Amino acid sequence: MTVEDRLRRAVPPDAEAAHDRAWAVVRAAAPLRTTKRVTTTSFVVRSAGAAAVAALFALSGAGAATADWVTDTLAPAPKPRVAVQLPTAGRLLIADRHGLAVVRQDGTRVRVGTADGATWSPHGLFIAAWKQKELRAMEPDGDPRWRITAPATIRGAAWSPDGLRIAYIAGGRVRIVSGNGMNDHALIGGAARPVTPVWNPGRAQELTYVSAAGRVVARDVGTGRRVVAHRGHARATTSGGSLRIDGRAVLTVRGRLGRPVWSPDGRYVAVGRGTSVLIVSADGRRLSTVAGRAAYDWALPGS
Amino acid sequence: VTSSDAVDDLRLPAQRRARSERALVRAVARGEEAALAELFARFWGPAHHAAWLIVRDAAAAEDIAQEAFVSALAHLDRFDRRRPFGPWLHRIVVNRAIDVARARAARREVASDVLPEVGVEDARPIDASLLAALDGLPPEFRACVVLRHLLGYTPGDISRLLDIPRGTVNSRLRRGLDALKEAGVSR
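From first to last, the protein sequence lines are chains L and X. Note that this note's numbering has the first sequence beginning at 983, numbered continuously upward. Note that this note's numbering has the second sequence beginning at 6, numbered continuously upward.
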């Protein structure tokens, strides 16, 4: 068998489906541009140029094939169509009507299959995508790296900031899988509602999720230890000199306490008292005092 | 059969086809869907096939061929309709495939040690020795082999299509065929 024969027989995988998808896109795109006509002026200028150069080649005896390419030079091949460009550097992961796609800064899209949801790895090297019970990791061009099958439909996933783990919700449990697709397991005590979990950006081992009872729970995924639980910042309240968390008085001081502010990881509360700000742990332990009249906000690490 | 005979064999049907291509392109420019369907049916397969053999990734190849087709249609007003459509489309496809293959090769050097490939499935029978031999070639060499031996372009055409000297095309074709011979793909 010749090289030509073998190349012809080495057809792309999934070629028929690719044909159908491409036809749908091409058919939808074609009417947008196909009615445009060459303006009279540009046609005359271009025709004159083509005629002049063609005459030169006729005199030099160059072949018809060369003349073809001269005309191509006058009517240069277009660059790939530019869609809506992103306003900044980076790539955007989106779901469009054809499935999952990575949008480059120039607006072009690379389709990476279909999914119910997807998320980037922290440095944008990989994508984790899930569909029904399947969780898979791939490169941004769709090249697959690994995949696992969860015990139940996946309801959301998040890649840890250090890239070492992916947390996902399936079957009413938080599950953790290593970034290389190994060691998939349920998190101890991780009964959860179908809400995408969130990693603590400053502590790569701490995962926050909504428990089966509807409480926001932060847990160390290495040890399984529960870090803190609260229902949101509104649950920390002050009344006179009393600080209450979840309705329980955790600190009482003389004088009057200001508005309490939770730290981003939900571990601490800052509350103004006179000319200072108290930093208090979620269980009410007073940890430090910072000079200042009131605490207004607590920025994320690195901001 | 000499090489020039082979070239003539390839050119004759292409020239005959070019005449109807012009009519097709004109009809597409008028917005006739039937003409678009015929143009797509005629050119999608080779474009997609060539992109896949160069970039060696199914999703990327589909994307490249699709972008090229949409781009070509969007710029039909700049296309000289007396010329064949195929070389115009193939120029876009092959150059884009080379760019993507280069970019993927650069990324893979970083990523392959971090995450081992697990669970990739493709149940279809494949010509493993051919694909392995192609994978061993740089993308520019693969492109020359594909343009010559799949799409049937002459070395002179390839030189103009890729905008590289003809001698470079010949050396890439020679090295490509040597690699295929070593892999037992060609005699």
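Note that these hints are calculated values from the structure, not bench results. Quantities reported herein were computed from a predicted structural model and do not represent experimental measurements. Mixed in with the good hints, there may be bad ones.
To be verified - Mimicking SDA-like on lysine to any residue, the simulated pairs with C-alpha atoms at most 20 Å apart in a straight line are:
no. : chain 1 : residue 1 : chain 2 : residue 2
1   : X       : Lys-186   : L       : Lys-1115
2   : L       : Lys-1115  : L       : Pro-1104
3   : X       : Lys-186   : L       : Pro-1176
4   : L       : Lys-1115  : L       : Asp-1144
5   : L       : Lys-1115  : L       : Gln-1187
6   : X       : Lys-186   : L       : Glu-986
7   : X       : Lys-186   : L       : Ala-1097
8   : X       : Lys-186   : L       : Asp-987
9   : L       : Lys-1113  : L       : Ala-1195
10  : L       : Lys-1113  : L       : His-1080
11  : L       : Lys-1115  : L       : Ala-1097
12  : X       : Lys-186   : L       : Ala-1077
13  : L       : Lys-1113  : L       : Pro-1176
14  : X       : Lys-186   : L       : Val-985
15  : X       : Lys-186   : L       : Asp-1166
16  : X       : Lys-186   : L       : Arg-990
Now the hints, each set against the structure:
| no. | hint | verdict |
| --- | --- | --- |
| 1 | Lys-186/X x Lys-1115/L | violated, 45 Å |
| 2 | Lys-1115/L x Pro-1104/L | violated, 23 Å |
| 3 | Lys-186/X x Pro-1176/L | violated, 56 Å |
| 4 | Lys-1115/L x Asp-1144/L | violated, 25 Å |
| 5 | Lys-1115/L x Gln-1187/L | violated, 25 Å |
| 6 | Lys-186/X x Glu-986/L | holds, 13 Å |
| 7 | Lys-186/X x Ala-1097/L | violated, 42 Å |
| 8 | Lys-186/X x Asp-987/L | holds, 14 Å |
| 9 | Lys-1113/L x Ala-1195/L | violated, 26 Å |
| 10 | Lys-1113/L x His-1080/L | holds, 14 Å |
| 11 | Lys-1115/L x Ala-1097/L | holds, 11 Å |
| 12 | Lys-186/X x Ala-1077/L | violated, 44 Å |
| 13 | Lys-1113/L x Pro-1176/L | holds, 14 Å |
| 14 | Lys-186/X x Val-985/L | holds, 9 Å |
| 15 | Lys-186/X x Asp-1166/L | violated, 45 Å |
| 16 | Lys-186/X x Arg-990/L | holds, 17 Å |
The structure fails hints 1, 2, 3, 4, 5, 7, 9, 12 and 15 (numbered hints given earlier, in ascending order).
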